[in-house]
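Colleague: Below, each chain spelled out in residue letters.
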Amino acid sequence: MQGVLTVDNPDMIQQDQANQMPADPMQAQPAPQDQASLIDASDEEQLELMADAISDYIHGDAREHVATSMANAGEEALVDTLAAMSYQILTMVSDQVAKSAPETVTLDVLLPLAAVTIDYLIEVAEAVGVPVPNMLDVQEDSLLRMIEIHMAKVGDDPEQKAIADEMFKEYLEDGSFDDAAGYVQQRLKDRGQDPSVMEEGGKELLAPKQNQLSAGVQQGLIDQSGGMS
Amino acid sequence: MSKIVKGVKKGLKKVGKFVKKNWKPILAVAAIAFTGGLATVGFAGLKGAIAANGILGGIGSTMFAGATSMLGTIGIGSGAAGTAAAAAGMQGATLMTGAAAQAMGLASSGLIGPPTAAQAGSASVGAYTGPGSSFMGGGGSLLGGSSQAGQMVQQGVGQMTGGSQVTGGVGQMTGGSQVTGGGGLLKSLAPWAIQAGGAYLANRGQEEADRPKGLWGVDFNGDGFEASQPWGAPNYANPGIAAMRPGGRMPGLIDAGSPYGG
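Order-wise, the sequence lines are chains P and D. Numbering of the first sequence is given in the working numbering, commencing with residue 5 and proceeding in unit increments. Numbering of the second sequence is given in the working numbering, commencing with residue 5 and proceeding in unit increments.
Warning: the hint list may mix true and false statements.
DSSO-like mimics (lysine-lysine), calculated; alpha carbons at most 27 Å apart, straight line [claimed, not checked]: (1) P/LYS207 / P/LYS193; (2) P/LYS207 / D/LYS24; (3) D/LYS51 / P/LYS103; (4) D/LYS25 / P/LYS193; (5) D/LYS28 / D/LYS51; (6) P/LYS193 / D/LYS24; (7) P/LYS103 / D/LYS25; (8) D/LYS28 / P/LYS157; (9) D/LYS51 / P/LYS165; (10) P/LYS157 / P/LYS103; (11) P/LYS207 / P/LYS165; (12) P/LYS193 / D/LYS28; (13) P/LYS165 / P/LYS103; (14) P/LYS207 / D/LYS25.
Honestly, the hints are just simulated from the structure, not real lab data.
Starting from the given sequences, assemble the full structure and let the hints guide the process.
Modeller: Structure (structure tokens):
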């Protein structure tokens, strides 16, 4: 088996996939005729079909490879390995499906698929004795790390940025953002972290304290205001 | 992969049966952090945030930055009246502070103007009570150039006042019935800004209300209200200012003077 995945190899998605994975999951399952039925199926059926194919792949042809990777990763590198491996599998799936059903390759499909993929990989990790002390933390961190990987891949694409911008507005409008922000705050508390890091970190991202020019402008305006009062 | 970002909203509604229950909120966080991060701070920003605050904290920071940039909400609740509105349970009012702040900041580009009555609604109490946050609301760009920053803001405010027909007093503006003209980006901003100001800010409203308020949190006069704005912007938070005159200034501004010649 080639291409053992470890945290030392986070750029695996850039590597030749053939060297990393023994077979394409969508070539193994489903068969071409199943691809056609997949396109016609309902959204949830599509997800289930693709999830079944991924499960068969992880627990079948790729099991030895996955098990070795997980064992090598251990608890310390579990999240990074889960994220990298999941993303690789999802990339392969999306590329394959995009050939016949490009409209299927959307984030709404890939995110739930990522979730179940991470779960399948965790099953293998546990089976080979890798401790997963806090499942929810591992699930969260793995998916969010995967998002980081994905952003690195598409982050410079203006078309993707424009789409993301529109979608983000929708989240703000329909309350999704509120729910998600509340969830993150609560989870930070659960983990013993200060939820204020969200706000402070966000401000830092937009107006870095290290930006002396900004700080100078701000201070100058404050000084002027002080003179007016 | 060009369509890979699209469509997550409907997807999140249908994955309930498909994925384990605990995944659903995580998926929502991932999608929102991704879109907010991509649109606002980019990969480098997200990476830096995660390095500084851990994965979950970094994601939270990215979400906050995205919302702040989109709505112009740095300085949320920093306006005294906005704080009062928040304390009174007017959720969303403080967020509109940011939306309006963004409008003010960007008005110099001519792209946007103040909201129409229908869009402003009751939340406009916040929209017109926190000009102190407008600098930050305009985002880093306003702070990006020293003397230009003040100039931009001055122009922005000037265009806003000049191009609008604000015929009512503060009370009328609160009702959202007397602010006309403009539109543009804020047309689309206002409805979702009002909604988005709900749950997320609700748990912060009282906390903000307890703080002394002012420009960037500085209470110059020690009375919990913002000081006069140095660039000649109208201080909507001051209930003593009755009206903004079309194309002109507010009386209080003339009294206060302006370093830019006002």
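Colleague: If a hint holds in the structure, say so; if it doesn't, say that too.
Modeller: Here is how each hint holds up against the structure:
With a C-alpha separation of about 20 Å, the suggested pairing of P/LYS207 with P/LYS193 holds against the 27 Å cut-off. Pair hint P/LYS207 plus D/LYS24 does not hold up; C-alpha atoms about 34 Å apart against a cutoff of 27 Å. A C-alpha spacing of about 31 Å is found between D/LYS51 and P/LYS103, which places the hinted pair above 27 Å, so the restraint is violated. For the proposed pair D/LYS25 and P/LYS193, the alpha carbon gap of about 20 Å is at most 27 Å, so the pair holds.
Straight-line distance between C-alpha atoms of D/LYS28 and D/LYS51 comes to about 24 Å, which keeps the hinted pair within the 27 Å bound. The suggested pairing of P/LYS193 with D/LYS24 holds, with an alpha-carbon distance near 22 Å, which does not exceed 27 Å. Proposed proximity of P/LYS103 and D/LYS25 is contradicted: the alpha carbons are some 31 Å apart, above 27 Å. For the given pair, D/LYS28 sits about 24 Å from P/LYS157 by alpha-carbon distance, which is consistent with the 27 Å threshold.
Annotation: proposed proximity of D/LYS51 to P/LYS165 holds, straight-line Cα distance about 17 Å (limit 27 Å). In summary, the hint linking P/LYS157 to P/LYS103 is supported, as the alpha carbons are separated by about 20 Å, within the 27 Å threshold. For the hint pairing P/LYS207 with P/LYS165, the CA-to-CA distance comes to about 21 Å; that is within 27 Å, so the pair holds. With a CA separation close to 19 Å, the supplied pair P/LYS193 and D/LYS28 stays within the 27 Å bound.
Restraint check: the Cα-Cα separation between P/LYS165 and P/LYS103 comes to about 23 Å, which is no more than 27 Å; the hinted pair holds. At roughly 32 Å between alpha-carbon atoms, P/LYS207 and D/LYS25 are farther apart than 27 Å, so this suggested pair is violated.
Hint compliance for this structure: hints 2, 3, 7 and 14 are broken, all remaining hints hold.
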